[in-house]
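K.L.:
Protein chains in written order, with our numbering: chain G, 1 to 120; chain Y, 1001 to 1111.
These aren't lab readings, by the way, just hints derived from the structure by calculation.
Values in this document were obtained by computation on a predicted structure and should not be read as measured data.
Some hints could be false.
Stretch by stretch, here's where chain Y covers chain G in the computed footprint (C-beta under 8 Å, at least three residues) [claimed, not checked]:
1) 44-52
2) 101-111
To give a feel for the contact side, a few chain Y residues facing chain G, derived at Cβ under 8 Å [as the list claims (entries may be wrong)]:
3) Ala-1013
4) Gly-1030
5) Leu-1048
6) Tyr-1089
7) Gln-1091
8) Thr-1095
9) Trp-1100
10) Gly-1105
11) Val-1108
For each residue, glycine too, the CB sits at the ideal point set by N, CA and C.
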Amino acid sequence: EVQLVQSGAEVKKAGESLKISCKGSAYSFSNYWIAWVRQMPGKGLQWMGIIYPGDSNPRYSPSFQGQVTISADTSINTAYLQWSSLKASDTAMYYCARRPGDYSNWFDSWGQGTLVTVSS
Amino acid sequence: QSVLTQPPSVSGAPGQRVTISCTGSSSNFGANYDVHWYQRLPGTAPKLLIYSNNNRPSGVPDRFSGSKSGTSASLAITGLQAEDEADYYCQSYDTSLSAWVFGGGTKVTVL
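If we strip away everything but chain G, and leave its shape as in the complex, we get (with noise of 0.2 Å):
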């Protein structure tokens, strides 16, 4: 069973960096993209961007560009969200999530979440 493992929650303060992480077993890790999904309190799920570890070219949404960095680790089937300088407003519940194919725009496996807490 395809399966995706996050790293557990994270309490920082606002300036620090952070990097929470998604393994992924049972599959070809390097053969699928991941995504990562952020969801604030009470809010929807927001795409934040993708990654093909295969080459690990990430590609991102115009509202993450330049706010976080998506990279991946093939050695150890593990994806990786990061920050340099956490702010309040990244408080949210982070998922990653499979993408089942090059023609396929939807994520078939998904991990079962990060939550981040921020305090200013």
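Take the given structure of chain G and dock chain Y to it, following the hints.
P.N.:
Leaving out everything else, chain Y in the frame of chain G:
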């Protein structure tokens, strides 16, 4: 404001049929991009419910069905059950934004 527009909430009694609309535009649905639907039960991650307009992944009950026409789409739940109480999101790809886009979500309440 979300690129795809959904009603904030719908409700129905057990056994009833409810529908959730999702309105897009010429740069997503109108550009021939499909609609996909996700169910997010309280406290859990989103789960793929319908892909490519009207296809159910293995394990999704046939009470759930989807459709798309022009720049609009909808999700129907027939024989509503208490366990269907959740948030539902539509999703597509937008060619003018070059981005995957979601609706704002619809909360389904079982009365």
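K.L.:
Between the stretch 101-111 of chain G and chain Y, see if three or more residues pass the 8 Å beta-carbon test, and mark the coverage as holds or violated.
P.N.:
The restraint on the stretch 101-111 of chain G holds, since 8 of its residues have a Cβ under 8 Å from chain Y and three suffice.
K.L.:
For the restraint on Gly-1030 of chain Y, tell me whether the closest CB of chain G is nearer than 8 Å.
P.N.:
violated (15 Å)
K.L.:
Does the interface hint hold: is Thr-1095 of chain Y within less than 8 Å of chain G, judged Cβ to Cβ?
P.N.:
Cβ of Thr-1095 of chain Y sits 11 Å from chain G, so the hint is violated.
K.L.:
Given Ala-1013 of chain Y as an interface hint, is the shortest Cβ-Cβ distance to chain G below 8 Å?
P.N.:
violated (26 Å)
K.L.:
Given Gln-1091 of chain Y as an interface hint, is the shortest Cβ-Cβ distance to chain G below 8 Å?
P.N.:
At about 7 Å, which falls below the 8 Å cut-off, the nearest Cβ of chain G leaves the hint on Gln-1091 of chain Y intact, so it holds.
K.L.:
Is the hint on Trp-1100 of chain Y kept, meaning its closest Cβ partner in chain G is under 8 Å away?
P.N.:
Check passed: Cβ of Trp-1100 of chain Y comes within 4 Å of chain G, closer than 8 Å.
K.L.:
Identify whether the interface hint at Val-1108 of chain Y stands, where standing means a beta carbon of chain G within less than 8 Å of its own.
P.N.:
Where the cut-off is 8 Å and the nearest Cβ of chain G is about 14 Å from Val-1108 of chain Y, the hint is violated.
K.L.:
Is the interface hint for Leu-1048 of chain Y satisfied, with its Cβ closer than 8 Å to some Cβ of chain G?
P.N.:
Cβ of Leu-1048 of chain Y sits 5 Å from chain G, so the hint holds.
K.L.:
For the stretch 44-52 of chain G, does the count of residues with a C-beta closer than 8 Å to a C-beta of chain Y reach 3?
P.N.:
Check passed, 5 qualifying residues.
K.L.:
For the hint on Tyr-1089 of chain Y, just tell me whether its beta-carbon gets within less than 8 Å of chain G.
P.N.:
Because about 6 Å separates Tyr-1089 of chain Y from the closest Cβ in chain G, which is inside the 8 Å limit, the hint holds.
K.L.:
Would the hint on Gly-1105 of chain Y stand, with a C-beta cut-off of 8 Å toward chain G?
P.N.:
Gly-1105 of chain Y check passes; min Cβ-Cβ to chain G is 4 Å, inside 8 Å.
Violation of the numbered hints given earlier is confined to hints 3, 4, 8 and 11; the remaining hints are satisfied by the structure.
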